[in-house]
Amino acid sequence: MGIGGIGRALMLAGVLLVLGGCASTRDFSSVKKLDAATPAAATPAEPHVLQLVVMPPDVELSVLTAGGMTEPNAAWTQTAKSLLVDQLGGAEALRGKKLVRFEPPAAADPNGAVLNEIQHLHRAVGNAIVMHKLAVPLPTKKDRFDWSLGQEVAVLHDYAHADYALFIYVRDSYSSAGRIFTQIAAAALGVGLAGGQQAGFATLVDLGTGNVVWFNFLVDATGDLRDASGAADTVKNLLHGMPQ
Amino acid sequence: MSTWRRAALAMLIGLCPATAAPAFDALSPSLPTNYSPPDGDTEGGLWMASRQAEEEIAHSPRRIADAALETYLRDILCRLAPEYCSQIRVYVVRTPYFNASMMPNGAMQVWSGLLIRMRDEAQLAAVLGHEIGHFLRRHSLERARDLETKTSLLTLFTLGLGGAVAAGGVAPAVAQGASGGAQLAALGSLFAFSRDHEAQADKYGVQLMAKAGYDPAQAAAVWRNLVDEQNASGEKQDGSSYFFATHPDPASRLETLGGYARELGGQQTIDAGQAHARYFAAVGAHLPGFFADELHLSQPGRSEHLFKQLLDAKFAPGVVNYCLGEVSRKRDGGKLSDAALAYYQAALGYPDAPPEAHRAIGLWKLKAKQLDEARQHFTAYLEQAPQAGDRDMIDYYLGLTEKAP
Amino acid sequence: MSRVVFILALLLLTGCEQYQQVKSGRNEVGSFSVTTEAPIWNSVPSGHSPGSLPTWTVDGVTLNSLSFVSGIKDGSPLVTVHDKSKYPVFHSDMLPNEIAELVQSTVARLFTATISRTGELKPLTISGQPGFELEFEFVTDDEVIRRAFVGGTVKNGELQVVVFQAPRMHYFEKDFGHARDLIVSAKLP
Chain A
109 MGIGGIGRAL
119 MLAGVLLVLG
129 GCASTRDFSS
139 VKKLDAATPA
149 AATPAEPHVL
159 QLVVMPPDVE
169 LSVLTAGGMT
179 EPNAAWTQTA
189 KSLLVDQLGG
199 AEALRGKKLV
209 RFEPPAAADP
219 NGAVLNEIQH
229 LHRAVGNAIV
239 MHKLAVPLPT
249 KKDRFDWSLG
259 QEVAVLHDYA
269 HADYALFIYV
279 RDSYSSAGRI
289 FTQIAAAALG
299 VGLAGGQQAG
309 FATLVDLGTG
319 NVVWFNFLVD
329 ATGDLRDASG
339 AADTVKNLLH
349 GMPQ
Chain B
86 MSTWRRAALA
96 MLIGLCPATA
106 APAFDALSPS
116 LPTNYSPPDG
126 DTEGGLWMAS
136 RQAEEEIAHS
146 PRRIADAALE
156 TYLRDILCRL
166 APEYCSQIRV
176 YVVRTPYFNA
186 SMMPNGAMQV
196 WSGLLIRMRD
206 EAQLAAVLGH
216 EIGHFLRRHS
226 LERARDLETK
236 TSLLTLFTLG
246 LGGAVAAGGV
256 APAVAQGASG
266 GAQLAALGSL
276 FAFSRDHEAQ
286 ADKYGVQLMA
296 KAGYDPAQAA
306 AVWRNLVDEQ
316 NASGEKQDGS
326 SYFFATHPDP
336 ASRLETLGGY
346 ARELGGQQTI
356 DAGQAHARYF
366 AAVGAHLPGF
376 FADELHLSQP
386 GRSEHLFKQL
396 LDAKFAPGVV
406 NYCLGEVSRK
416 RDGGKLSDAA
426 LAYYQAALGY
436 PDAPPEAHRA
446 IGLWKLKAKQ
456 LDEARQHFTA
466 YLEQAPQAGD
476 RDMIDYYLGL
486 TEKAP
Chain C
7 MSRVVFILAL
17 LLLTGCEQYQ
27 QVKSGRNEVG
37 SFSVTTEAPI
47 WNSVPSGHSP
57 GSLPTWTVDG
67 VTLNSLSFVS
77 GIKDGSPLVT
87 VHDKSKYPVF
97 HSDMLPNEIA
107 ELVQSTVARL
117 FTATISRTGE
127 LKPLTISGQP
137 GFELEFEFVT
147 DDEVIRRAFV
157 GGTVKNGELQ
167 VVVFQAPRMH
177 YFEKDFGHAR
187 DLIVSAKLP
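Here the protein sequences line up with chains A, B and C, keeping their order. FYI, in the numbering used here the residues of the first sequence are 109 to 352. FYI, in the numbering used here the residues of the second sequence are 86 to 490. FYI, in the numbering used here the residues of the third sequence are 7 to 195.
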């Protein structure tokens, strides 16, 4: 089992262990309140409006084919990404903040590789948080929430001119075969599972320090990212509990 | 071959068209030239997904950003499908398995493991032609529409679950392919094809390469090589090749491809010698790295077969001999391998011998307590590779050669 | 059905095996006796550790691991895995260059990774024995670039190696100092 494999496998463990109702979330934070990374220009008369860069959602929607293979569906995935970004624009939890959409760097941009590396690292960090905050605890982190993407986020800070970065990760698949399978698995565990689930997380990273200031894990039995209202619900659930 | 002789040969071929081959029912593209689909529909979604996947590949840590190599590959693609040249982009990815894939928007990824398994440009054209076949026939779109119909009534399921299941054996080729690049393979699998599509792309590929002036028989040769390599590996079919995992049975494929080649006949207008030189010039600088990746896979049967084939093809003989030495050394591990030493020494007979061949001989001689020779070769290694990361270690070995009686 | 079995197996692993905090001071891990003062390490249950090696982590195995490869005899691979035949094996006459390559090939297999850069290989004395240290980078199948620091030696014909690895971005530097101190001060019987 590779490093990524462990993450994914434990994500599953997290999913199965944590889930109870239809849409359940669990969040962790290391701050009570969000502050500007660069508050220099703020004055009492003109308070700094928090800028938040929305990273391209790491989303995959799949079909479980008859043979049991999950086959990512490009068109659905694309729709889901667009819908998520659109819905984030109107999200209650983000009111009063200035949202910046992350524009992918040009192919020749010397920072392109680092910006990509930050996004890949986020996936590894997210998997570690799911594994160790939801499934198997790390004794040294029992009362601590101190994961980070590190100082290299300075590149993202300068690139997007934002105080925080919001990362979204969602995995979804759709299939009648999958539903049967889930039910078998769930029944074997004595867990009542109706239909299927959507699993994902949202991560808020302080671009001044690189620290993960807030993390929310979502499991939803009814989530559907293929239409706007489903995406709105998913966004609401993903941002549930985000510090202001 | 001189120009006049080629002209004469062309005349000869022209004069004798009467080989009684069955007519080849040629395919034509369903993709309009300079096409871009409207946003919003299925194809628009596919193209947007392609663009994002392309960005990810473009910034992947595995990408080999060598403009000359990309241009070389793109030139072949443009020779195969000249009307679509402006729509095609190529990315070379460092992953030691045989694979290439083209996305609906014309972005193609070629894996390094493929590049070291081609004997000449015609074979490369056969693989690229196959991928262009998918592109020109818009197979991704057909596939997506097909899935939409099939799944319209389906219910929701977690992918956290699906993903973990995949890692556990449902998608062994991708998840347990014992290879790097699963993430990139997943990007490729966003645009998976059916068996019928593969068969059609095979046919289209042969048609395109023949029209471009390549020997169409080389399409079957690609598969023969892969089958031979698989047999030499002594392994069961285990999905360690992404291409094998997602494509039809090689044996029947070989036969069909050979049939197409016979039907189309050979009007080879591309000079094989020049093509070989071009291929080598484009990929040569990367070979030591690609070969090192192959060696790290610890599959001696497979690697030995591959490197011997490359030796026969007179492909980078210095580097290839060195690699054969490494394979032999590991196979004969625990004793001093005479076979390994012979390969290392053979490597030094070629101008492209890597400095590492000296180091390998140095290590061999140090173990054999032939200290003077060990010293000579370590010294030669450091002279040829003054920036070597193991310099301090080599100095340590040199010290050992001095101290001993 | 095998999928269901797989999931159940995973749950059993997850349910029964726990991470343990590594105590400050001297710890025996495999053949190694190592000292750590930083209260940052957790020992990883074998079901979660790559290659079933005794492994410690700070932030989770996807983010950093310190793996102890000890007592490897002539003809054996470095890890305990079900598909052993696919792993290269150690020979007791190997010189540091050959061991360095053995470690990299093992990492490439174990993590389905491509070795993207081989850095410095230098002599290092471990527990009074002449040994080596090695640094290299590899790209795993999740597209994360990881860096590894390896210290090792051959004692009484057996290979003894410690590997620290973490994503090159942030995580490697964060705990490299702790890991390196621990490796260079490791004692062997």
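One should not assume that every hint holds.
[What the hints assert, rightly or not] Some but not every residue of chain A turned toward chain C, in silico, with C-beta under 10 Å:
1. S138
2. K141
3. N224
4. H228
5. R231
6. N235
7. P245
8. P247
9. L257
[Stated by the list, open to error] Coverage of chain C stretches by chain B, computed from C-beta distances (three or more under 8 Å per stretch; other residues unrestricted):
10. 58-64
11. 108-120
12. 144-153
13. 180-188
[Stated by the list, open to error] Cβ pair distances, simulated, as ranges:
14. A/D194 to B/Q469: 43 to 49 Å
15. A/G197 to B/S115: 44 to 50 Å
16. B/E168 to A/F253: 18 to 24 Å
Just so you know, these hints were derived from the structure itself, not from any lab. From the three backbone atoms N, C-alpha and C, an ideal C-beta is built for every residue, glycine too.
Now the hints, each set against the structure:
no. : hint                         : verdict
1   : S138                         : violated, 14 Å
2   : K141                         : violated, 25 Å
3   : N224                         : holds, 8 Å
4   : H228                         : holds, 5 Å
5   : R231                         : holds, 6 Å
6   : N235                         : holds, 5 Å
7   : P245                         : holds, 7 Å
8   : P247                         : holds, 4 Å
9   : L257                         : holds, 6 Å
10  : 58-64                        : violated (count 0)
11  : 108-120                      : holds (count 7)
12  : 144-153                      : holds (count 6)
13  : 180-188                      : violated (count 0)
14  : A/D194 to B/Q469: 43 to 49 Å : violated, 59 Å
15  : A/G197 to B/S115: 44 to 50 Å : violated, 38 Å
16  : B/E168 to A/F253: 18 to 24 Å : violated, 57 Å
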